[in-house]
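There are 2 protein chains.
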Amino acid sequence: MTTQEKLKQYRDWIFKCSAYRMALNIIGIDKQTVAPSAGAAYRDERSSYLAGELFSLETDPEIIALLKELKDDPAVDAETKRAVQLYYKSVMDTMCIPKEEFVAYQKLCNESFDAWILAKSKADYSIFEPYLKRVIESQKKLYGYRESDQSVYDQMLDDFEPGMTQEKYDAFFAALKERLVPLIRKVTAAKQIREDFLHLEYPVEEQKKFMNELLTYLHFDPSWGYQNESEHPFTSSTCENDCRTTTKYIPNSVVSAIFSTVHEVGHAYYEHDVDPKYDGTILSEGISSGMHESQSRLCENYLARTEAFWRYHYPKLKAQFPKQLGDVSLEDFLKAVNASKPSFIRTEADELTYPMHVLIRYEIEKGLFNGTISTEGLDKTWNAKYKEYLGVDVPNAKVGILQDVHWSDGSFGYFPTYALGTAFAAQFVHTMRKELDVDKLLENNQYDVVMGWLKEHIHKYGCRYDAPELMKLVTGEDFDVNYFLDYIEEKYTKLYQL
Amino acid sequence: MTTQEKLKQYRDWIFKCSAYRMALNIIGIDKQTVAPSAGAAYRDERSSYLAGELFSLETDPEIIALLKELKDDPAVDAETKRAVQLYYKSVMDTMCIPKEEFVAYQKLCNESFDAWILAKSKADYSIFEPYLKRVIESQKKLYGYRESDQSVYDQMLDDFEPGMTQEKYDAFFAALKERLVPLIRKVTAAKQIREDFLHLEYPVEEQKKFMNELLTYLHFDPSWGYQNESEHPFTSSTCENDCRTTTKYIPNSVVSAIFSTVHEVGHAYYEHDVDPKYDGTILSEGISSGMHESQSRLCENYLARTEAFWRYHYPKLKAQFPKQLGDVSLEDFLKAVNASKPSFIRTEADELTYPMHVLIRYEIEKGLFNGTISTEGLDKTWNAKYKEYLGVDVPNAKVGILQDVHWSDGSFGYFPTYALGTAFAAQFVHTMRKELDVDKLLENNQYDVVMGWLKEHIHKYGCRYDAPELMKLVTGEDFDVNYFLDYIEEKYTKLYQL
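Protein sequences, first through last, are from chains P and F. Position in the first sequence counted from 1, then plus 261, gives you this note's numbering. Position in the second sequence counted from 1, then plus 261, gives you this note's numbering.
Quick caveat, the hints were computed from the structure, so don't treat them as lab data. Not one of these hints is a red herring.
Note: identical chains are not told apart, hence a pair may lie in one copy or across any two.
Subject to a maximum C-alpha distance of 27 angstroms in a straight line, what follows is the list of computed DSSO-like cross-link-like pairs (lysine-lysine):
id: 1; residue 1: 538; residue 2: 368
id: 2; residue 1: 269; residue 2: 368
id: 3; residue 1: 538; residue 2: 292
id: 4; residue 1: 277; residue 2: 360
id: 5; residue 1: 342; residue 2: 721
One chain only, chain P, in its complex shape (with noise of 0.2 angstroms):
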C-alpha cells in the first residue's frame, strides 16, 4: 500500500469510530439529562453492546498495523503524525484489555451511575459502595493489563495529564498547601463578609429567566450549543458544532447556576473553537483534563467573578430579584461572590478553598489505589478530612462523598487537574492582560472578543501540541503555580484587607 492508501484507510477507520462515538455521546447525554429511569437497563445493556463494537473497531489489528505503519512513515506530514501517535497510545492502552471485561466494566459504570443516582437522592453512601469497591476493583485489573512499569494511580494521573505523575502532583500540591493554608487562615480570621443574601429564596423560574440574558452575553448561540439541566453539571461535545452543557438550579443560591454556566460553556468554547480541519478526529479534543479546566475556570473565576463583568450584569440581575438584592450594592454583591469561606461542596467552593477540595480527593484516590484506604466507611474519611483541611462537619453523604459524579464512572485521576487547570488559566490570564482590556470588554457585552483571543492562542489548536509546549506556546514559559498564587494572595489580600 502506498502511503495515499495507507492515509485513506486511516480516515475511513476514523470515519467509522466516530458514528460510534457519536451515538455513545448522544445516548450519554440523553441518559444524564432527560432519559426515562426505568429504560436504564434496556438502554445499558444496549449502549453496552455498541461500545463493545466501537472497542473492536479501536482494536481490530489490522489498524494497529497500520497505525504502527504510519507512526513511523516520512512521507505523513507533522499534524496527522500527531494524530496518529496519540491514537496509537490510546489503542494500545485499549487492545491488550480483553474485549468481554471492557464490555463489563461499561456496563458497571453504567450501574455504577445509577447508583450514585439513587445513593445521593437518599444521601446513603451505603447504596453506593459495593458499585465503588467493584468498580476500583475492575479499574485495577484493567490497568493491570498494561505494559507500564508506573502505578496503577500514576497511569491514571498520565491518561487524564499526559506527563503528570503522584511525584509532580505531590510537589504542586505542596507548593499550594504552603502558601494557601496561611493564608486561608487568616482570612478566617478576618472580619467576615456578608453573603447571606445570596442563599434567600430564589425562584427558579425566574433564574431561567436570568439565564437566558446570560447565555447570550456569552455567545452560547443555538446553532452550535445548547444548555440543558442535570444533576451534576457537565459539558459533552459531539462535534465543534454540537456542544452541550447543563446547569443545575439551586432554589436557595443566585449564583450557583451562573457560575456552573460560565464554567461549562467555557469548556464547550474549546470543543467549539477547535480549527474545522482536527473535526471528528483526536485532535479535534483539549490537550488535557487540566487544560480543559483552565479554559472552563478562566472563564468562571477570572472572568465572571470580576468587577468588569458585574458591572454589566449585575443590574440585569438585580432587576430580576427586586425583593432579595434591591437593597444590595453592586460593591457588597462583588465581595460576597468572591467571599471566601470553608464549605462542603467543591464546585460551590470559592477560589481560595477551592484547591483543598482537590486536594482531600487526591489523598483518597492515592490510598484507594495504593491500598491504605477503603471503600468501607470512605464517608467517614472523607468527612475527617473535611475536619481537618477545611474545618467543616460534613452533615450528610448527599453533600459529602456523593457529591460528585466522577467516581461513579470510574474517573480517577481526574480530580488533580481541577487544581492543575485553575493554576494553568492563571498564567494564561496573565499574559492575555497584556495584550487586552478584558475589564473593558466585559463590560461591554464583548465576550465574545475574548473569547476571540482564547481562540486564537488556545482553542484553535486543539490536541495538536501537548500541555507543557501550548504553554510555553502562548506564555512564552515554563508553567509555573506561582502566578496562581500570586494571584490568589493578592486578591485576598485586598478583599479581606489584610
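Got chain P; can you put chain F on it based on the hints?
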C-alpha cells in the same frame, strides 16, 4: 442446527438490531428536540453510517436463511412464529434495496427534514420542493425493487396499514364523505359557537404550569416517560420503559398543547403497556399506524373532549388563567373546544372536519405517486383543495403545505391511517363504555383505570394480532365505520342543535 440453536441465533440477532435501533432512535429524538442545528451535517453523516450498519445486520443472508427456516419450523411456538413472519416480510422488503441506495436515501431524508424546518420557518415552499421531489423519486425507485404487482402507493398504504389499498381507502373515504359533507354543511350554516376566548394571549410559561398538573393526571410517570418540545409533536419509544413525547406550545391557544399532549401520551401508553416479554422485539410495536392512531385519538377526542374530563380540569385551568377565562362557564368552554370550524391546521382541527384534512393529503399522495400531481406548484394544489373541501383560503405555506413533518422523511401512505384510526377508536370506545363508567373515572382523577382497560384489552398484545383480528377480539365484531359516523352525527347534531 436444532430449533433451540436457531432460536438462540435469532434472539442474538434481535438484540444486536435493537441496539442500533435504540441508538438511531435516541439520535432522532435528540435531533428533533434539542440538537444544535449547525452540527446537523456531522451527525447526519454518522447516523446514516450507523443506519447502514443496521441495514447490513438486518439483511444478512445467513439471517434471512434462518428466518426462512424458522418460519416453516413446526417446533416454533405461535408467538415466535408471528414475530418471525413479520421480520421476514420486513427483511425481504428491505433487502431488495442496494445498500448504497438505502444509505443515500437515509441521508436524503435527513437533509430533507432540515430543509423542511428551514422552509417552514420562512413559509417558503420553494426551499422544500426540490427535496420533496427527490424523496418521492427515491421512494418510487426503492419500492420498484420489491417483487410486487401492486402499485407503489398501494404498497406504501400496506406498509402502514397491512391489508389496506387505494380501493379500500376510496370506499372508506366515500362512506365518510357521504355522511360528513352534509353534516359539515349544516354545522357551517348553524349558529356559530363562541370560541374567541380560546385564542387570547396565554403565556407559554403559564401553560407549562398547567401542563405539569395534566401530566400528573395522565399518570405519565417520569420513570417511563418524558415530554419535550418540538416543531411537530411526536412520540418515540426506545423500549416499553422509555417512551418520549413532545408537544408544541402556541401562545395564543390555550388548548393546542393540552390536546396534543393527551394525544401523544395516548401513543406512549400503547408502547408502554405491551407485554414485557415482547420488549425489544417486533411484537412490541403497535400493530399498525391506524391502530396506534386509534389509541392516541381515543385519548384526545373520546376522553379529553368530554364534559367529565373538563369537570376535573376546567377549575384548574381557570385558576391558572383567571383573566382570560374568568367569565367563561364550563358549558361554554366545553362547547368551544368541541366547536367545528374549517381551519388550515390538521392537528388543531375539530373531530368533524379532521377527516377532510386527511382526505386532502390522501388525494395529493395518490396523485403524486400515480403521476397526476406534480411537486411543482404543489402549494397551489394544496390551497385549492383546502378551498374546495373546507372553504378556507390558506394564507401561507407555513400553515399550508409545510405544516406537517411526514413528507419530509418520506412517510407517504401514513396520513390515511389517521382517519382510519379515528374510526377504529369509536368502535373501541363503544365497547369500553359498556364495561366501564368512563365519565365517572375521568371526573374522579382515575385516568389510570381507563388506561388499565386499554392495556388489558388492546395495548398488552402489541403486534401479536393483526388489526382485523384485534378489532374482533376486543369488540366482538368486524370494523364498521358507522360507529364513528353515528358518534359524530349524534355529537354535532346535539352541539349545534340541528
